[in-house]
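J.: Residues per chain, in single letters:
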Amino acid sequence: MMNQSSAQLFQVEQLSAIADLTNSLSKKLKKYQLVSMIDDQSQPIELFDCFDQSVRQARGLLYVSGKQLNLIGEHCGKRTQPVDSRPGFVADLNSGSVTAQLSCVSPLRSLLAVGKALHMHGVIKMLDNNDKTVARIVIDGFGAASNPQPLWLAYVTTQPIRGYHKAHLELLRALTESKLTQAVQSIDTAKIYQAVGIEDSGYDRKPTMRFGAEQDALSVANQIIRTYIDIARVNEPGIVADHDSEFLHDYRVSLRKVRSVISLFKGIYSEQHTQEYKLAFSEHMAPTGRLRDLDVYLLEKESYFQLIPESLHEGLHIMFGQFEQERQQQLLMLRKRFASTSYQQSLEALASHFIEQPDAQEGPLAHLAAKAYAQQLVWKRYRKVCNIARGIDANTPDDDVHELRIHCKKLRYLMEFFTPLFPQKRIKALIKTLKGLQDNLGLFNDYSVQQESLQAYLANHANKGRKQDLMIAQSVGALTSVLNQRQHQERAKVMANFAAFDSDLTRQEFRQLFKEKD
Amino acid sequence: MKIIACYSNKGGVGKTATSVNLAHALALAGKRTLLCDLDPQGASGFYYRVKPSKKLQHDAFFKDVDKFTKSIRGSDFELLDILPANMTYRDFDIFLSRMKNSRSRLKKALKAVKNEYDVVLLDCPPNISTLSESVFKSADHIVVPVIPTTLTERTYEQLLQFFDRHKLGKKKLIPFFSMVQRQKNLHTETMERMRKKYKKSFLKASVPFSTDVEKMGIHRAPVLDFARNRPAAKAYCAMWDELQQRI
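Which chain is which? The protein sequence lines are U and G, in order. Using my numbering, the letters of the first sequence map in sequence onto residues 1 to 518. Using my numbering, the letters of the second sequence map in sequence onto residues 1001 to 1247.
The hints are simulated quantities; they were obtained by calculation from the structure and are not laboratory data. Heads up, some of the hints might be wrong.
Claimed, not checked - No more than 25 Å apart at the CA atoms, straight line, and that leaves these computed lysine-lysine pairs for PhoX-like: (1) G:Lys1051 / U:Lys31; (2) U:Lys30 / G:Lys1167; (3) G:Lys1070 / U:Lys166; (4) U:Lys28 / G:Lys1051; (5) U:Lys31 / G:Lys1031; (6) G:Lys1031 / U:Lys78; (7) G:Lys1031 / U:Lys125; (8) G:Lys1070 / U:Lys31; (9) G:Lys1051 / U:Lys67; (10) G:Lys1055 / U:Lys166; (11) U:Lys30 / G:Lys1051; (12) G:Lys1070 / U:Lys125; (13) G:Lys1167 / U:Lys166; (14) G:Lys1215 / U:Lys125; (15) G:Lys1067 / U:Lys166; (16) U:Lys125 / G:Lys1051; (17) U:Lys278 / U:Lys266; (18) U:Lys31 / G:Lys1054; (19) U:Lys166 / G:Lys1051; (20) G:Lys1167 / G:Lys1137.
Claimed, not checked - Label-pair ranges, simulated between beta-carbon atoms: (21) G:His1219 / U:Lys30: 21 to 29 Å; (22) G:Thr1188 / U:Gln68: 40 to 48 Å; (23) G:Glu1214 / U:Ser6: 34 to 42 Å; (24) G:Thr1211 / U:Val123: 28 to 36 Å; (25) G:Asp1118 / U:His461: 27 to 35 Å; (26) U:Met37 / G:Asp1118: 22 to 30 Å; (27) U:Leu298 / G:His1219: 54 to 62 Å.
For every residue, glycine included, the Cβ atom is placed at its ideal position computed from N, Cα and C.
Using the sequences provided together with the hints, build the complete structure.
T.: Structure below.
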């Protein structure tokens, strides 16, 4: 309903000020009677966010108080909806005004409790001589749960009531004049987090790194490797707790990046050490591979069912039932692995190699200046991508397309690793240009890998001649043929996508950034 | 936006009580509601503690969109607004008779707020006049409180005849029994007879005679606010549930 003057926001910084507010305003608003309905005691609340802090980064504050799910946003104000169980995935929440605002949270991430706090809610009603409410003040205060005398931060929002414009203006004047309240433009959720003592975890799966053009290439490699080992490791507890599939995904991506630095940064570590490190990290990734595959299957479950007719669904139901069981077994194994001393020690020992290397570990290019080294690597890889891609036509074998994909991926990793050394806007734009081609090649590969692994599944799990094996075989057969079609469709797009990537402008940019000396 | 009128050509049958409580039940059910008091006595506004409108005098109601919308007041309840009446409303018939298309004037005036509300509830004065004809024409539904007594039965028949004579759609009429005292034989007999006679037109829900409704004047609030679990409050909720299915 339309209001003639809009709500205003004020900030209060002390608990005592909240209690004094009614009295203080009463003195200024003598024509009216103020009725205070403020909680005697603060209520415990629990704050939620996902592991990558999407809510916090979107300047939101999500909390459960009793049976209510509340979201405070800098621009949307406060929204509330009933909640009947602990929040998890956004898709599983009831629909409501809070859920509608949570598009910042990835559908793959689960909301997790990030800490407890205290909340105080109150309403002050302003009545006229008929005891009619002519304006309201809504108070939401937050304090730390642990501190014996917590710091408080409260926001006071005025609520005008239609047809009582004058009363609202008088209230605004009283609040503006009051020493207890301070007018603010918007809710500062960062300040609330600070008041309740919940710190930023700092988790960033793709952190921005800093290094200089003249820095040793070796130290750059070490820095990237250390960073990604740390990122992998902070995901371990989440994998063990099985909150969502992104923990394992981030863990694997981080270790893959480590392995890529080792294999792509040629001449940084000695030949022998390069081989040793590569092997060691591959061995750490291998035990997580099957679990990730199963995660991907289960995440895509719905779309698999949509690919084939309903009459063939029975076999898929059986297959996915088996996947779920197998996933539990794989998870159990991984939990044991992470808990073992040998795993902990082995990763720690491995990580320690990238702090300071004895000279024996260094390769011939270890002390090259970072930027010159980066240019050389990227340029070489770029030339390789172009050479393979230009040779691809409709008749080229699929193996060549796979090779192109691998080189594109390596090129992308190199450019991402070295981003800090080049003008940000330009290198990021180039990475983006590469993306169209990469997405295309990625899908081509996914369809191909899925067909292979489904065939492998058939051979290993549905080969006993039982009735259900026949059903699985029919479903998987139908699925494989659809995937095969899709793979061909993607294959057909590769030439056009490369042509789009291979523009004059892009060529010129690659040359300027990675070939020409400063 | 639906327009529901609460109307009876007889006074003292519970029109205002129905308007006030039904409006509150509607808002509680999540409907953005405007209770529009057309009765110059201004009882609806009184129950909601809203003072009579000073600016919406004489024919401004039908002519001045700005004054009309500015006279709307927020009630103490979420989603419920009130357009209070004033004494000049007693001359509505005169203003309307001076205007062209007098019967569609009311609907035109209400158009100004059609995007702001899901339901506009009209609390009408008890007579058959140009204003009530305008109400009959504008309202999508007309809720008619009927006390199960001989006299009210007679006025309801008169209303039906009027609708017949003026070729108005009788389907709009939704009668219900009001101020029912089940211990009185006359009440139960009349209800039985009328339900038979008018088949399915009467709402199943009926509102009992209740001191809680009388106490609204002391509390200056709808019964659902201060006597939520009492029979009268429940009756208004049941009425809305049933109405919702019909409209």
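J.: Compare the structure with each hint and give your call.
T.: Quick rundown of the hints versus the structure:
The suggested pairing of Lys1051 (chain G) with Lys31 (chain U) holds, with an alpha-carbon distance near 16 Å, which does not exceed 25 Å. Note on Lys30 (chain U) and Lys1167 (chain G): the hinted pairing is violated, with a Cα-Cα distance of about 57 Å set against a maximum of 25 Å. The hinted pair formed by Lys1070 (chain G) and Lys166 (chain U) meets the criterion: a straight-line CA distance of about 13 Å does not exceed 25 Å. Proximity of Lys28 (chain U) to Lys1051 (chain G) is assessed by CA-CA distance (about 24 Å); at most 25 Å being required, the pair is judged to hold.
Our distance criterion of 25 Å between C-alpha atoms is broken by Lys31 (chain U) and Lys1031 (chain G), whose separation comes to about 33 Å. Annotation: proposed proximity of Lys1031 (chain G) to Lys78 (chain U) holds, straight-line Cα distance about 21 Å (limit 25 Å). For the proposed pair Lys1031 (chain G) and Lys125 (chain U), the alpha carbon gap of about 23 Å is at most 25 Å, so the pair holds. A threshold of 25 Å between alpha carbons decides the hint, and for Lys1070 (chain G) with Lys31 (chain U) the separation of about 23 Å falls inside it, so the pair holds.
Annotation: proposed proximity of Lys1051 (chain G) to Lys67 (chain U) is violated, straight-line Cα distance about 38 Å (limit 25 Å). A threshold of 25 Å between alpha carbons decides the hint, and for Lys1055 (chain G) with Lys166 (chain U) the separation of about 15 Å falls inside it, so the pair holds. With a CA separation close to 20 Å, the supplied pair Lys30 (chain U) and Lys1051 (chain G) stays within the 25 Å bound. The suggested pairing of Lys1070 (chain G) with Lys125 (chain U) holds, with an alpha-carbon distance near 22 Å, which does not exceed 25 Å.
Between Lys1167 (chain G) and Lys166 (chain U), the direct Cα distance comes to roughly 48 Å. Violation of the 25 Å bound is thereby established for this hinted pair. Between Lys1215 (chain G) and Lys125 (chain U) the alpha-carbon distance is near 23 Å, which keeps this suggested pair within the 25 Å criterion. Between Lys1067 (chain G) and Lys166 (chain U), the direct Cα distance comes to roughly 16 Å. Compliance with the 25 Å bound is thereby established for this hinted pair. Proposed proximity of Lys125 (chain U) and Lys1051 (chain G) is supported: the alpha carbons are some 18 Å apart, at most 25 Å.
For a cut-off of 25 Å, the pair hint linking Lys278 (chain U) to Lys266 (chain U) stands: about 12 Å separates their Cα positions. Annotation: proposed proximity of Lys31 (chain U) to Lys1054 (chain G) holds, straight-line Cα distance about 20 Å (limit 25 Å). For the proposed pair Lys166 (chain U) and Lys1051 (chain G), the alpha carbon gap of about 15 Å is at most 25 Å, so the pair holds. Under the criterion of a C-alpha separation no larger than 25 Å, the hint pairing Lys1167 (chain G) with Lys1137 (chain G) is consistent with the structure, at around 11 Å.
In this structure the supplied range 21 to 29 Å holds for His1219 (chain G) paired with Lys30 (chain U), their Cβ-Cβ distance being about 26 Å. In this structure, Thr1188 (chain G) and Gln68 (chain U) meet the distance hint of 40 to 48 Å, their C-beta atoms being roughly 46 Å apart. Checking the proposed 34 to 42 Å range against Glu1214 (chain G) and Ser6 (chain U) shows it holds: the Cβ atoms sit about 40 Å from each other. Checked against the given bound of 28 to 36 Å, the beta carbons of Thr1211 (chain G) and Val123 (chain U), roughly 31 Å apart, stay inside it.
For the pair Asp1118 (chain G) and His461 (chain U), the supplied restraint of 27 to 35 Å is violated, since their beta-carbon distance comes to about 57 Å. Between Met37 (chain U) and Asp1118 (chain G) the CB atoms are about 28 Å apart, so this pair conforms to the stated range of 22 to 30 Å. As the Cβ distance of Leu298 (chain U) to His1219 (chain G) is approximately 58 Å, the hint placing it in 54 to 62 Å holds.
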